[in-house]
Amino acid sequence: GENVEQHPSTLSVQEGDSAVIKCTYSDSASNYFPWYKQELGKRPQLIIDIRSNVGEKKDQRIAVTLNKTAKHFSLHITETQPEDSAVYFCPRAPGGYQKVTFGTGTKLQVIP
Amino acid sequence: DTGVSQDPRHKITKRGQNVTFRCDPISEHNRLYWYRQTLGQGPEFLTYFQNEAQLEKSRLLSDRFSAERPKGSFSTLEIQRTEQGDSAMYLCASSLAQERYTFGSGTRLTVV
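From first to last, the protein sequence lines are chains A and B. Numbered by the working numbering, the letters in the first sequence go through residues 1 to 112 in order. Numbered by the working numbering, the letters in the second sequence go through residues 1001 to 1112 in order.
In case anyone wonders, no lab produced these hints; they're calculated from the structure. Note that this is a predicted model, so its numbers are computed, not measured. From the three backbone atoms N, C-alpha and C, an ideal C-beta is built for every residue, glycine too. Warning: the hint list may mix true and false statements.
[Unchecked claim] Simulated pairs of lysine-lysine, BS3-like, Cα-Cα distance not exceeding 30 Å:
#  : chain 1 : residue 1 : chain 2 : residue 2
1  : B       : LYS1011   : A       : LYS42
2  : A       : LYS68     : B       : LYS1071
3  : A       : LYS107    : A       : LYS58
4  : A       : LYS107    : B       : LYS1071
5  : A       : LYS107    : A       : LYS68
6  : A       : LYS107    : B       : LYS1011
7  : B       : LYS1014   : A       : LYS42
8  : A       : LYS22     : A       : LYS71
9  : A       : LYS71     : B       : LYS1057
10 : A       : LYS22     : A       : LYS58
[To be verified] Some, not all, of what chain B presents toward chain A, calculated at C-beta under 10 Å:
#  : residue
11 : ASN1030
12 : TYR1033
13 : THR1047
14 : GLU1052
15 : PHE1065
16 : PHE1074
17 : LEU1096
18 : TYR1101
19 : THR1102
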């Protein structure tokens, strides 16, 4: 089936630096791209999402960019803080009557 | 409270016993999903409902698992004859249409 590949699997950055997580998809029909954050011991939470008719979306220190030609979308976190440490997921979200499918995510560690 | 509620938060049971979990979604959300998550993995899809209709059930789900959403509001997930491999966090999520999931805090099941 259609998958989303996420890289890297782990990422360590110094506090204040930027972090970028990239996801590549294969389904040309994909038109919705969410990002979920899961802190240790807590529920996954939607932090930002983008549709295929938009190239970039920002919300304070986080942004998502979409490259439809290359079929990848990325999460950008600027001025990272320790509370950004979490696992980030870019699940496959085909829409319609199909469920969202999660991979193993990217574990981000922000070092104070 | 306008979030997704799950009960109980923790459940310890002996192998072979039956357990039942409850999920109360956000009231205006017509879709309800059950996922299971083990350490280091992303949420794994189990089943989902649109209103009271169960639209999909994972092929990975054995016949020991059953879920209901009798009135299109709350849902229950029952596991019969529990096994140690059933130990996991069971997450419920709800959404309006197919996007923007809101997760509950989960029920942590430990089978001893």
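Going through the earlier hints one by one, which of them does the structure break, listed in rising order? 2, 4, 11, 14, 15, 16 and 17
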